[in-house]
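**Q** One line per chain: the protein sequences are Y and F, in this order.
With the first letter of the first sequence counted as 1, position 118 gets the number 118 in the UniProt record's numbering; the numbers rise by one all the way through.
With the first letter of the second sequence counted as 1, position 258 gets the number 258 in the UniProt record's numbering; the numbers rise by one all the way through.
In case anyone wonders, no lab produced these hints; they're calculated from the structure.
Treat the hints with care, as some may be off.
Unchecked claim - No farther apart than 20 Å at their CA atoms in a straight line, the calculated lysine to any residue pairs in the SDA-like style are these:
| # | chain 1 | residue 1 | chain 2 | residue 2 |
| --- | --- | --- | --- | --- |
| 1 | F | K460 | F | L380 |
| 2 | F | K560 | Y | E55 |
| 3 | F | K545 | Y | E55 |
| 4 | Y | K78 | F | M372 |
Said to hold, decoys possible - Chain Y is nowhere near these chain F residues, computed Cβ spacing over 10 Å in every case:
| # | residue |
| --- | --- |
| 5 | F26 |
| 6 | Y29 |
| 7 | S36 |
| 8 | N47 |
| 9 | G121 |
| 10 | L124 |
| 11 | Y166 |
| 12 | F173 |
| 13 | D176 |
| 14 | D329 |
| 15 | G335 |
| 16 | W531 |
| 17 | N557 |
As the list claims (entries may be wrong) - According to the in silico footprint, chain F covers these stretches of chain Y (three or more CB under 8 Å from chain F):
| # | stretch |
| --- | --- |
| 18 | 108 to 114 |
| 19 | 184 to 190 |
Yeah, the Cβ is synthetic: ideal placement off N, Cα and C, and Gly gets one too.
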Amino acid sequence: MNNNSNKMFFLFILFFSTLISISSNSWFGCWIGLEINLLSFIPLISNSKNLLSVETSLKYFLTQSLASINFLFMILIKFSLLKNFNMNNIISIMMNSSLLMKMGSAPFHFWFPNIVEGLSWMNNFMLMTWQKISPMILLSYYFNKNFLIFMIITNLIIGSLGGLNQTSLRKLLAFSSINNLGWMIFSIMISENLWLFYFLIYSMMISMMISLFFLMNMYFMNQLFINNMNFFIKLNLLINFLSLGGLPPFMGFMPKWIIINFLLINKFYFLTFIFMMTSLIIIYYYIRIIYSSFMFNYFKMKWVNLLMKNNMSLINLSSFISISSMILSTFIFM
Amino acid sequence: MLKNNNLICFNSFFFLFFFMLINFFFFVYFIMNGLSVFFEWEIISFNSMSIVMSILLDWMSLLFMMFVSLISSVVIFYSKSYMNSELNLNRFIILVLMFVFSMVLLIISPNLISILLGWDGLGLISYCLVIYYQNLKSYNAGMLTALSNRIGDVMILMVICWVMNYGSWNYIFYFDFMKNDYVMFIISFMIIIAAMTKSAQIPFSSWLPAAMAAPTPVSALVHSSTLVTAGVYLLIRFNYLLIDMFFFKVLLFLSILTMFMSGISANYEFDLKKIIALSTLSQLGLMMSILSLGFPDIAFFHLLTHAMFKALLFMCAGVIIHMMNDIQDVRYMGGLSLYIPLTSLCLNISNLSLCGIPFLSGFYSKDLILEMVSFNSFNLMVFILFYLSTGLTVFYTFRLIMYVMINDFNLMMIYNLYDEDYIMLNSMFVLLFMSLLSGSFLSWFIFSYPYMIYLPFNLKLMVIYVSILGSILGFMVSNMGIYSLNKLLLSYNLSSFLCLMWFMPNLSTYGLSYIYLNFSQILFKNIDMGWSEIYSGKGIFNILKNYSVFYNIYQMNNFKIYLFSFILWFMILFIFFFI
């Protein structure tokens, strides 16, 4: 039962549920949105013919429902203890924790690489981009600054250290997603506009990469090295990875730059240090991948035919956008 | 047989010869009428800044230009036949022409910037010419040449810096006014050091014998007459400034020692071009020492006559090397006067002119120098070393003549020695003519009145005594058998000290770099490949990798464990913040 019309239906409900969640008046509406989100995502990822995807969808269901239960409970406690401001601290912490678990952020992230390993690229794309919108926005409504800064540091460290030992591309992108979650949570604390900016650029970069991997049907690192790809595909890969890591002339540097600017102006020096160092580790393992695939000349396997003639325009466009958007964006403000 | 059919040799020879004739005409006109012309060309003038190129033409610069263009034209014509089998002859000739251009720029410039252009050009192009044959020995020689000359370049740059105190780089305007200034003191020190590096005096003299790795026409042009005399010329130009300075006495001391040292070392040498290089070094020391005694015009006179016969000597050496199938070792040669009469004629005349045999060109300048030294009162060491060096000059000259021309031919049983290379011979005859006549010709022109010298009889004949002694010793030494020569090993320390130019090449190359290379090896092993690897290179990578592996232990778990960890975390937060 894998029709496109089924997928369209559930996708529509997925989008709608996020909109419900972020535009509701009360916390209860938020919770409802989150539940519908969960319920509509499960059919998207479960495929009864594949045992792994069944297991994946089950894992996803379990963690997300645990988080939803927690969220609902904390909302009810908050409503019942309305006048008691002493509990604000702990309630905000618990609510933030449950939202963090929804997103797959640091202390509650163990399910995230596992599940990502079991999904196809398109489902991964939905998981990494769309599913983060409503928890983030709900986080911005009621957050605890000290707690979140601690979570950010944990996010960054786990995202960078966990990815060093991976060879599967999906897990790699999962750990980089955890790292970028750290940046995004901090940008929520600065301003929601900035979060939107970061999120849009992040999802654009992730979409470029995932579309590239999807078209070439690549799931593991060694698949990048075995094929002798077209030069432009390799160039696109290089540019996208470097942009994701936040290297200057590329697009991904811009949001990170603004965040660092804010950090330094407001004297968050230690946090800046952690942001920088973990970015370095992440760029290290990106460069490790693209160095091997970009610089070396591998044998051409004749049974893998990588004719990308139909999709070259998309790749060229994405490379062009990644390279030039930082400079072109200055023209907007002229 | 001529393989290279190009016209660049002929064209440049005619051009330079014509240039020489123009210079000769103007020199005669200028010196007879006492003229001196100063051209100034204003390139840009903007508010208060102006860039001006100036050229000074007086008799000294015209005469020197005439000699330089004559020698270079003859050398280019000579190299048409000498460098015949060279594939890139155009490159060679163009390098030589650029060298001549730099030298001319140095000669005619009255300000320090164009001197710097000429000076740096000389150093750079002589490096390109020394490494022309691309082998390891030429590379090492080129490095030694270029780096020694570079010290002089740096000194001139610093002089430019200091002269900016006076507002202009035209140094000739400041001689009369600023003699006792502190700035002039520093400038004179640096100028002397620059001239010492270029003219290869004692601390920097290791490059001149090493630069014999260059092709012979290059040695004839560069290392006999033009490059090495650039330092002397600079000091002649700055002479008014330097004459009272203390460092001039230091220069006297060092140049006398150079003269003496190279005279001794030339007696131990068996490489033809090295003997001639050391004789050039000795004559350079002579020029520098008479200059530092206060006689710039005699130094200039000796510079010019020496250029003539030394270039001729190098060219004859080139012919001999060609004929000996590229062997430069003097022990293989012998009896050449019987087989190549015309070349040995040139060789003889240039050698005897070097010794100072009466009425050849070298006699006029050398004898004048020695008589001036005896006539004016200088100290005993100056006197002894001058005469001793003259004797040593005759010594190694006669040794060379005996080895090359008189003793038996030592190369092979079957030989073909020919003297019919008319291109080389014609170029040598031009220099031969000049080498015979230039002494008297120059002395009539340069000295408007002769020097008044009044010496006692024996002192006058001292030169002849020393020369005869030297020639007898040269004759005896060249007849020494190999078993007697081996006895030199008994006094190994002394003979190696005297033979290896008082160990200056070793000091300039190995001695300077040994400490630093050792130290940098220690640094490299301990820091680059040692501690900095632990603390920043592989060490940090290992730490991060271990953390990642450790993290993976937590990641690779059952799902229950994840859920349990979440609940545990909630409980911790709850308890921690609630209580």
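**Q** Does each hint hold? Answer for all of them.
**A** Do the hints match the structure? See the list:
1. F:K460 - F:L380: 17 Å, holds
2. F:K560 - Y:E55: 13 Å, holds
3. F:K545 - Y:E55: 30 Å, violated
4. Y:K78 - F:M372: Between Y:K78 and F:M372 the Cα gap is close to 115 Å, so the pair fails against 20 Å, i.e. violated.
5. F26: 63 Å, holds
6. Y29: Its Cβ never comes within 10 Å of chain Y, the nearest being 68 Å, so this holds.
7. S36: 62 Å, holds
8. N47: For F:N47, whose nearest Cβ neighbour in chain Y is about 36 Å away, the distance exceeds 10 Å, so it holds.
9. G121: Label holds. Min Cβ-Cβ 42 Å, cutoff 10 Å.
10. L124: F:L124 is indeed farther than 10 Å from all Cβ atoms of chain Y, at 38 Å.
11. Y166: Nearest chain Y Cβ is 49 Å from F:Y166, so the label holds.
12. F173: For F:F173, whose nearest Cβ neighbour in chain Y is about 55 Å away, the distance exceeds 10 Å, so it holds.
13. D176: Consistent with the label, F:D176 stays out of reach of chain Y, its closest Cβ about 61 Å off (over 10 Å).
14. D329: 53 Å, holds
15. G335: Label holds. Min Cβ-Cβ 66 Å, cutoff 10 Å.
16. W531: F:W531 clear of chain Y: closest Cβ-Cβ about 21 Å, beyond 10 Å.
17. N557: 7 Å, violated
18. 108 to 114: holds (count 5)
19. 184 to 190: violated (count 0)
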